[in-house]
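Enquirer: So the protein sequences, as listed, match chains A and B.
The first sequence begins at 1 in the numbering used here and counts up by one.
The second sequence begins at 1 in the numbering used here and counts up by one.
Hints should not be assumed to be uniformly reliable.
Unchecked claim - Computed footprint of chain A on chain B; a stretch qualifies when at least three of its residues, placed anywhere within it, have a C-beta under 8 Å from a C-beta of chain A: (1) 296-303; (2) 451-461.
To be verified - List of simulated lysine to aspartate or glutamate pairs, EDC-like, C-alpha gap at most 16 Å: (3) Lys-514(B) to Glu-500(B); (4) Lys-213(A) to Asp-383(B); (5) Lys-213(A) to Glu-500(B).
As the list claims (entries may be wrong) - Residues from chain B that keep clear of chain A, each with C-beta distances beyond 12 Å, as calculated: (6) Gly-51; (7) Thr-57; (8) Leu-80; (9) Asp-248; (10) Glu-350; (11) Gly-354.
No wet-lab data here; the hints were simulated from the structure.
Being a predicted model, the structure only gives us computed values, none of them experimental.
Glycine included, C-beta positions come from ideal geometry on N, C-alpha and C.
Here are the chains, one letter per residue:
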Amino acid sequence: MDLSPRRPLPRLLHPAAWWLWAGCMALAASRTTNPLLLLLLLGVVAVVVSERRVPGPWSRAFALFVMVGVVVIGFRVVLSAFLAGPGAGPVLFVTPQVALPDWLAGLRIGGPVTGDTLLAAVYEGLRLTVMLGCIGAANALVLPTRLLRVVPAALYEIGVAVVVTLTVLPMLVADTVRVREARLLRGRQSSAPRAAAEMALPVLAGALDRAVKLAAAMDSRGYGRTTAVARRTRWITTAAVAAGLCGVALGLYGVLDGGTPGVAGVPLLGWPMAVAGGALAVGSSLVAGRRIGRTVYRPDPWSAPEWAVLATGLVCAGAMLAASAAGVDLQGPTSPPQWPALPLLPAAGALVGLLAVVASPPLPGPVQARRARTSTPVAVAR
Amino acid sequence: MIRFVDVSVTYADAPEPALREVTLDIAEGELALVVGPTGSGKSTLLRCVNGLVPHFTGGRLDGRVVVDGRDTQTHAPRDLADVVGFVDQDPAAGFVADIVEDELAYAMESLAVPAPVMRRRVEETLDLLGLADLRDRPLRTLSAGQQQRVAIGSVLTAHPSTLVLDEPTSALDPQAAEEVLAALQRLVHDLGMTVLMSEHRLERAVQFADRVILVEHSTAHVHQPPAAMSISPVVPPVVALARLVGWDPPPLSVRDARRMASPVRTRLDGVATAESAHGPFTTTVASLDRATVRHPGVVALRQVSLDVAAGEVVALMGRNGAGKSTLLRVLAGLDRPAAGSAQVDGREPEGLRGQRRVRTVGLVPQSPRDLLWTESVGRELADADRDAGVPAGTAASLLDELSPGLDLSAHPGDLSEGQRLTVALAVVLAGSPALLLLDEPTRGLDYDTKRALVALLRARAAGGIATVLATHDVELAAEVATRVVILADGEVVTDGPARESVVASPVFAPQVAKVLAPLPLLTVDEVAVALEPAP
């Protein structure tokens, strides 16, 4: 009898899997300004988010990031109307032009604005919006605190600092409210600057007090007991991991930008940088991790669903890169403005990204989780 | 298990030692209760056990503290984490993770416990403390009692042999306190753990103790519980009753006392009357008319109507989260009712500003520190006089009434919880408000300060102040309240004279009432009056 479940059991996907998937979608978006392709990608991401986002305050991150993106589009359009040089095509309207001195010959403020310029700005803005949406999606799919669990052991202390900050900040806000109310209760009516000065002291004193209590609690529970490594070694490994991660970031920037300078045809800020940085980060954190005696409770597994989700992302990005390499026109036509065509290969690739919904296990909702728990003893009894 | 040899502790810049030549021995599997007045050195004693004193607090420790063979001189708190579990007064301040399960695992992660062991211990701890249903809940959404149990669980997973707790039930309502004490009982009886805990509310804890450590004037001695209660400066009502009627050794629980009480009950029968000495109260000072308050996700108050008259002392009781604090906030004008209205002295409290507010309504919040933000008590009192527009020295003389001889140059942050409360009370009362609101005034107060508070509240009420106090402390309610209002889920479930309301309730009845039931006597003072031969 086949005991393996046909569908994956409900659980949360490994945080890194969702981030990598979202990164692949962003990479795909970065290579095109074709509005149809971009909207298709955005739609795919939206569907996955609506199916697999984790309930809680972060679940709205995707919508929030897309809204920021819409603002970016508007901003780009306004800027290009005033700053871009005269484009091709018929002039739509003329903005008042500012006469600039000769030495600013390359610059132009105001003047005739063509439809082509505006359309190009919209397409560029749309691309940014989709990439922002991908980052928002990653935040909605993975709680930021869970991401911290997969932070390399060498960066553990930085991670703890981040966690503490995340918990202290809302409390600081609560403290400010409390102190403000206390002033009201005592009938104080001083001017705003004086009030701020009077309030700062108790708020900061409260935060300090809390920090000391937290430190005492952590110390009493063995924090730092097994991480007693020589300070020098710790510094070196931490620096190496941080440098590696910076390398990864720069490399990814190169990959996403696509037009960065290179040496002998190989883009310097591209795959080589990303791979080298990644190797450095992983290597040094492995070395450091072996020294740091900490264990992780219920580590997130990386198994078939993670590979499958990652694969859908890679196929999507791969299709876009392959089309780009094969010379398929991935730019939205702006001069003359036309209804864009939908290139088949990238579109099919984008749709593969949708399979992440099927590939990832369903969310363990509280109701499902409870049912699963209560049903276990019954099954055993039978 | 825990051994103190000639231990003296002196904090930096302190003129006198906080502990002086303490020698004591707690055997394995005992539940030892640390008892003493505020500021006597209880917290210092507890913090010595896992080395927070002096490793974390600074200062100088002479002598030796040895736990399970480990000397705190050579072991820092983190090196003792697998031997001593330490739970501080405010559990929420020590949480590191944001989900119950992760919080339970934190100590084990730090100690590098292998993953399978970790998994098993978390499951065991969830069951042991009745937390299984809360395993994936965010810590911030838990009630205070649940948070306290998670805090205990989070140190238990490291499998310490000793547990040290500083006031584990002070902030809890009676039911939640019982949950926590029952959990501790189970740890002692089933697992043979050694537990060392301090507690102000002796009526809750003393019957569970195997040993009592009396801390007084910076020294400490171990006694058997009945012997300790015979000489202790702080005693629960049942022991005070025993002292009054001459039971020796004193009973520690209601059950023991009730067995001894039948002669006393016979003597009192017929003498005791159910008459309320108070009232009638006619001048309405504050009123709520079908006030409804919503907080995100909950209705905090549901159409609550309440009138408070001058001279009345209303005790608001009910579970944590029942809406007590919200009701006070509405009366103080900090929250605006979404429907219905609130009036104090004929005005909406929300619009009150400046001197008029100070003279109409005064609220002492749950943490009195919020009201005090300058660097000395003296300046705080002078500010209060100015805010209220009263002659200089008014607040200072009030404080002198409450805690005589308090150093006016002291920083409010350095005072004990009880002293801070008296300063906040003096500040609020300087404006002689028509309505006085108190939120959990007895949290962290010893019996002496509580007695001073009761006397002051009674005097003020006789002078015509209307008082509303939210409290879990049934003994306080029995002492001062003329009326008891019990809230549940934002609704008033009981509103009536204090005596009838609390005597009838199994949860809210004070110890004396439980011992002498069905006689309608609530406090030791009332028993003393009733026992006096009629003139």
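Enquirer: Now tell me if each hint is right for this structure.
Expert: So, going through the hints one by one against the coordinates:
1. By the rule of at least three residues with a Cβ nearer than 8 Å to a Cβ of chain A, the coverage given for the segment 296-303 of chain B is violated, with 0 such residues.
2. Judged by the Cβ-Cβ criterion of 8 Å, the segment 451-461 of chain B is not covered by chain A as claimed, because only 0 of its residues qualify and three are needed.
3. Taking the CA atoms of Lys-514(B) and Glu-500(B), the gap is near 13 Å; set against the 16 Å cutoff, the hint holds.
4. Distance hint between Lys-213(A) and Asp-383(B) is unfulfilled; the C-alpha atoms sit about 30 Å from each other, more than 16 Å.
5. For the suggested pair Lys-213(A) and Glu-500(B), the alpha carbons sit about 43 Å apart, so the restraint of at most 16 Å is broken.
6. Residue placement check: Gly-51(B) does not keep its beta carbon more than 12 Å from all beta carbons of chain A (closest about 9 Å).
7. A cut-off of 12 Å between C-beta atoms contradicts the statement that Thr-57(B) is not in contact with chain A; the least separation is 9 Å.
8. With a closest Cβ-Cβ approach of about 8 Å to chain A, Leu-80(B) is found to fall inside the 12 Å limit, against its non-interface label.
9. The claim that Asp-248(B) lies off the interface holds: its Cβ sits roughly 41 Å from the closest Cβ of chain A, which is beyond the 12 Å cut-off.
10. Once the 12 Å rule is applied to beta carbons, Glu-350(B) is inconsistent with being away from chain A; the minimum gap is 10 Å.
11. With a minimum CB-CB distance of about 5 Å to chain A, Gly-354(B) fails to clear the 12 Å threshold, and the non-interface call is violated.
Checked against the numbered hints given earlier, this structure breaks hints 1, 2, 4, 5, 6, 7, 8, 10 and 11; the rest are met.
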